[in-house]
Amino acid sequence: MHYFTLALPDPNWDSCDQQGRCTILVNQPRANAIYNNPRMIYIPACYQIQYFAQNRWADTPTQMLQSLIINSLQHTGYFQAIINTPSTTYYDWVLNTQLLSFQQEFISVPSRFRIAMRAQLIDARSRHVIATQDFVVIQAAAHDDPYGGALAANLAAQKILNEINCFCLRNLD
Numbered sequence: 001m002h003y004f005t006l007a008l009p010d011p012n013w014d015s016c017d018q019q020g021r022c023t024i025l026v027n028q029p030r031a032n033a034i035y036n037n038p039r040m041i042y043i044p045a046c047y048q049i050q051y052f053a054q055n056r057w058a059d060t061p062t063q064m065l066q067s068l069i070i071n072s073l074q075h076t077g078y079f080q081a082i083i084n085t086p087s088t089t090y091y092d093w094v095l096n097t098q099l100l101s102f103q104q105e106f107i108s109v110p111s112r113f114r115i116a117m118r119a120q121l122i123d124a125r126s127r128h129v130i131a132t133q134d135f136v137v138i139q140a141a142a143h144d145d146p147y148g149g150a151l152a153a154n155l156a157a158q159k160i161l162n163e164i165n166c167f168c169l170r171n172l173d
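What the sequence shown shows, in the numbering used here, is residues 1 to 173, in sequence order.
Mixed in with the good hints there might be a few duds.
[Stated by the list, open to error] Think about it this way: if two alpha-carbon atoms lie no more than 25 Å apart in a straight line, the pair counts; the simulated SDA-like pairs of lysine to any residue are:
| # | residue 1 | residue 2 |
| --- | --- | --- |
| 1 | 159 | 127 |
| 2 | 159 | 30 |
| 3 | 159 | 110 |
| 4 | 159 | 72 |
| 5 | 159 | 4 |
| 6 | 159 | 7 |
| 7 | 159 | 173 |
| 8 | 159 | 172 |
| 9 | 159 | 114 |
| 10 | 159 | 89 |
| 11 | 159 | 8 |
| 12 | 159 | 170 |
| 13 | 159 | 135 |
In short, the hints are calculated from the structure, not lab data.
Whenever a hint applies, use it, and build me the whole structure from the sequences.
Here's what the structure looks like:
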């Protein structure tokens, strides 16, 4: 069995000197049942879903993405604190996300990895939705196998996290 993970490259620590004043709760992304397990999904043809037999993610995509969302938001310097579980701790904003797609597609050559997410920002005091946006990143794979898919997934994750960061900062200013 081969296991793959999502990871961000080492951030530029110098760009994180600024310390924000607000706090955000980042809930674990919701997902359809097919994405709530560590099996690696691939799409060999339109409307057909299959799983690689000897390859798995190290954790569920939602678990891996939640920690990456938290880390990438931390490095913006915009937030004083980022909370990952609802508690009695006070927070200003809530970021809810939904994983819509997380799969390697063999419909074209080369294969490509698709990540689609929906993000929703909520004002914690008023409980009003501030903004909602869908994001889709499609990244070509270097080679047409699970390892190529994992490499493409990491590149796609970096891009979608950057888009979610921009979405948050744009709507909280």
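Hints, one by one, checked against the model:
1. In summary, the hint linking residue 159 to residue 127 is not supported, as the alpha carbons are separated by about 29 Å, beyond the 25 Å threshold.
2. Our distance criterion of 25 Å between C-alpha atoms is met by residue 159 and residue 30, whose separation comes to about 20 Å.
3. For the hint pairing residue 159 with residue 110, the CA-to-CA distance comes to about 19 Å; that is within 25 Å, so the pair holds.
4. Between the alpha carbons of residue 159 and residue 72 the distance comes to roughly 11 Å, so the proposed pair stays at or under 25 Å and holds.
5. In summary, the hint linking residue 159 to residue 4 is supported, as the alpha carbons are separated by about 18 Å, within the 25 Å threshold.
6. The straight-line distance between the Cα atoms of residue 159 and residue 7 is roughly 12 Å, inside the 25 Å bound, and the hint therefore holds.
7. For the given pair, residue 159 sits about 22 Å from residue 173 by alpha-carbon distance, which is consistent with the 25 Å threshold.
8. The straight-line distance between the Cα atoms of residue 159 and residue 172 is roughly 20 Å, inside the 25 Å bound, and the hint therefore holds.
9. Using a Cα cut-off of 25 Å, the hinted pair residue 159 and residue 114 holds, with the two alpha carbons roughly 11 Å apart.
10. Restraint check for residue 159 and residue 89: the C-alpha separation of about 31 Å exceeds 25 Å, so the hint is violated.
11. The straight-line distance between the Cα atoms of residue 159 and residue 8 is roughly 10 Å, inside the 25 Å bound, and the hint therefore holds.
12. A C-alpha spacing of about 16 Å is found between residue 159 and residue 170, which places the hinted pair at or below 25 Å, so the restraint holds.
13. At most 25 Å may separate the alpha-carbon atoms for a hinted pair to count; residue 159 and residue 135 meet this at roughly 10 Å.
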